[in-house]
Amino acid sequence: MPGESGILVLSEFEGDQLAGVSMEMLGAARRLAPALGQRVVATAFGSTAAEAAKQSIAFGADAAVIVASPELDEYRNDTWTVALTAVAREANPAIVLIGQTNVGRDLAPRFAVRLGTAVAMDCVDLSIRDGKLLMTRPCYGGSAHAQYTSKTMPQVATVRIKSQERLEPDLSRAGEVTTLAVDIATGDARVLGREEMKAEGLRIEDAKVVVSGGRGLGSKEGFDDLAELATVLGGAVGASRAVVDLGWVPVSIQVGLTGKIVTPDLYIAVGISGASQHLAGITGAKMIVAVNKDKDADIFKVSRFGAVSDWKPFLSAFIAECRRLKD
Amino acid sequence: MPLNIVCCVKQVPDPETPASAFRVDEAAKRVIPAPGIAPVISQFDQIAVEAALRIRDALGEAKITVLSLGPDSARDAIKTGLAMGADDGVLLNDPALFDGDGYSTAVALVAAIEKIGPADLVLCGRQATDWDAGVTGLAIAELMGVPSVSITRNVGVVEGKLQAERVLGDAFETVEVPMPCVVTVSNELGEPRYPKLPQIMAAARKQVTVWTAADLGLGPDQVGAAGARLSLERLYIPEVNSQVEFIAGDGPAELAVNLARKLREVKAI
Numbered sequence: 442m443p444g445e446s447g448i449l450v451l452s453e454f455e456g457d458q459l460a461g462v463s464m465e466m467l468g469a470a471r472r473l474a475p476a477l478g479q480r481v482v483a484t485a486f487g488s489t490a491a492e493a494a495k496q497s498i499a500f501g502a503d504a505a506v507i508v509a510s511p512e513l514d515e516y517r518n519d520t521w522t523v524a525l526t527a528v529a530r531e532a533n534p535a536i537v538l539i540g541q542t543n544v545g546r547d548l549a550p551r552f553a554v555r556l557g558t559a560v561a562m563d564c565v566d567l568s569i570r571d572g573k574l575l576m577t578r579p580c581y582g583g584s585a586h587a588q589y590t591s592k593t594m595p596q597v598a599t600v601r602i603k604s605q606e607r608l609e610p611d612l613s614r615a616g617e618v619t620t621l622a623v624d625i626a627t628g629d630a631r632v633l634g635r636e637e638m639k640a641e642g643l644r645i646e647d648a649k650v651v652v653s654g655g656r657g658l659g660s661k662e663g664f665d666d667l668a669e670l671a672t673v674l675g676g677a678v679g680a681s682r683a684v685v686d687l688g689w690v691p692v693s694i695q696v697g698l699t700g701k702i703v704t705p706d707l708y709i710a711v712g713i714s715g716a717s718q719h720l721a722g723i724t725g726a727k728m729i730v731a732v733n734k735d736k737d738a739d740i741f742k743v744s745r746f747g748a749v750s751d752w753k754p755f756l757s758a759f760i761a762e763c764r765r766l767k768d
Numbered sequence: 007m008p009l010n011i012v013c014c015v016k017q018v019p020d021p022e023t024p025a026s027a028f029r030v031d032e033a034a035k036r037v038i039p040a041p042g043i044a045p046v047i048s049q050f051d052q053i054a055v056e057a058a059l060r061i062r063d064a065l066g067e068a069k070i071t072v073l074s075l076g077p078d079s080a081r082d083a084i085k086t087g088l089a090m091g092a093d094d095g096v097l098l099n100d101p102a103l104f105d106g107d108g109y110s111t112a113v114a115l116v117a118a119i120e121k122i123g124p125a126d127l128v129l130c131g132r133q134a135t136d137w138d139a140g141v142t143g144l145a146i147a148e149l150m151g152v153p154s155v156s157i158t159r160n161v162g163v164v165e166g167k168l169q170a171e172r173v174l175g176d177a178f179e180t181v182e183v184p185m186p187c188v189v190t191v192s193n194e195l196g197e198p199r200y201p202k203l204p205q206i207m208a209a210a211r212k213q214v215t216v217w218t219a220a221d222l223g224l225g226p227d228q229v230g231a232a233g234a235r236l237s238l239e240r241l242y243i244p245e246v247n248s249q250v251e252f253i254a255g256d257g258p259a260e261l262a263v264n265l266a267r268k269l270r271e272v273k274a275i
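Going down the list, the sequences are from chains A and L.
Under our numbering, think of the first position of the first sequence as 442, with each following residue one higher.
Under our numbering, think of the first position of the second sequence as 7, with each following residue one higher.
Source of the hints: derived by calculation from the structure; they are not laboratory data.
Quick caveat, the model's predicted, so the values are computed rather than measured.
Check before you lean on any hint, since a few could be wrong.
What the hints assert, rightly or not - In silico lysine to any residue, SDA-like type, Cα no more than 25 angstroms apart, as pairs:
#1 A/649 - L/250
#2 L/121 - L/218
#3 L/268 - A/471
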């Protein structure tokens with residue numbers, strides 16, 4: 442369809458507010474819009490869509506198109522692809538932004554292919570060059586960055602959590618909210634059950650301090666020491682993928698490209714060599730501190746402070762000193 | 007009829023390549039293979055083969071075809087799957103098919119899946135460990151017009167339907183879809199089995215079918231770089247300004263005390 446215009450942002454809703462990444466994408470879209478001379482349109486689905494639209498406008502959207510069918514309350518690959526495709530055909534945007542979330546990872550590829558276009562996944566930087574969206578994304582586990590443009594319209598990107606700056610919400614911003622009626626046929630997929638993995642205490646995504654362990658700890662018992670340090674520092678425990686695969690810790694605390702993206706003020710990596718796929722999860726940490734017996738370990742390259750040491754005797758002394766300093 | 011399973015596997019540079027040996031040719035927008043480090047089957051794709059074998063183990067029978075798109079060397083990725091226990095191997099080896107994006111690669115794979123025969127289940131890794139995109143598997147499902155379940159563990163066939171648990175970070179969600187369908191698997195599925203020597207030798211003797219774009223009835227403009235919707239503008243190694251300050255100290259205990267005091271000094275704790 443010629444005449445594409447505007448940046449369409451898929452707003453996800455969590456509890457009673459927009460998902461963080463949705464606020465961040467609206468901020469990014471607002472930043473990109475002047476270079477294009479185009480507007481920012483949010484879309485949201487399900488019973489909370491009207492509220493999501495209102496919040497999206499406060500966070501930077503000029504308007505919103507919603508599909509309020511209750512069939513869309515829970516994310517489903519088939520129904521959400523139908524809804525987003527319908528909105529994109531109606532709004533005819535030049536750009537579509539989707540969060541790199543459980544939803545976006547599953548939805549964006551099918552949505553893009555259905556429209557006959559491409560998607561650049563997990564973008565960390567977006568800019569406009571010669572009127573086109575330049576999409577920068579890490580690849581090779583973060584060892585390299587690739588920049589793409591799309592040959593086809595719309596230009597679709599998924600956006601990494603916490604890679605973009607959100608705007609301060611402005612509740613006085615006004616914008617038109619349009620409701621689109623979409624026939625949502627219930628598809629063939631059935632959800633048989635859901636098993637929540639509630640991490641005990643603080644979630645690593647929310648923690649100001651994250652103490653993470655890797656294969657260098659030697660056994661899962663090492664995580665007891667990390668948990669003690671995390672308690673002293675008021676933080677949470679994280680882990681590399683290697684130890685999750687070894688079954689030492691649950692996947693809910695995995696940090697990295699295929700795990701959680703964390704942005705604590707302080708990230709302490711113990712016995713983690715620093716595989717790039719792990720580093721991809723901590724680029725937003727304000728300060729990284731590493732303890733490793735190999736002084737050439739890659740983790741030190743991204744660290745502010747490093748200690749070259751066996752972790753066990755180090756950690757017991759470190760916990761004691763932190764406890765003393767806290768008192 | 008036994009279940010027909012196709013596993014899509016990709017050969018990638020070994021992700022264990024040390025960062026110091028990782029090089030990019032910026033002019034060609036390619037990663038330069040590290041000398042002496044052989045390419046490997048992408049880890050998640052090997053887990054997809056494991057998922058297929060577990061289904062065959064549970065059902066008693068199933069035909070498993072390992073499908074790859076790549077140059078001659080990609081035969082090794084197929085052989086890995088055959089050594090693990092897969093039945094057949096198909097390699098799409100044609101420069102016209104190379105350097106595609108998720109879209110144009112899926113176009114070629116779907117044509118091959120259809121030529122192999124009616125597939126009940128297509129299994130892929132959640133993403134290849136080179137481009138880390140996670141598009142191709144879902145693009146295959148969309149082009150085939152069949153249901154998909156992505157990023158899963160515990161994949162099984164129950165009363166003729168496919169069940170898989172989506173890995174959602176803080177939850178697992180069990181989804182059931184009719185077949186044919188496409189499922190992508192994650193590392194939470196478990197370790198792939200280790201081939202035994204006789205299987206490796208049998209796999210080495212097995213013929214791998216090789217097809218070109220023409221064999222698939224595809225024109226050169228539909229596939230590979232020409233058919234790609236994404237244009238790679240630049241590939242580079244991001245700059246990392248190492249500014250690490252190594253803490254001094256005699257022995258672990260002293261290092262620990264000095265680090266803690268330093269962190270207090272900069273108000274990090």
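For which of the previously enumerated hints does the structure constitute a violation, in increasing order of number?
3
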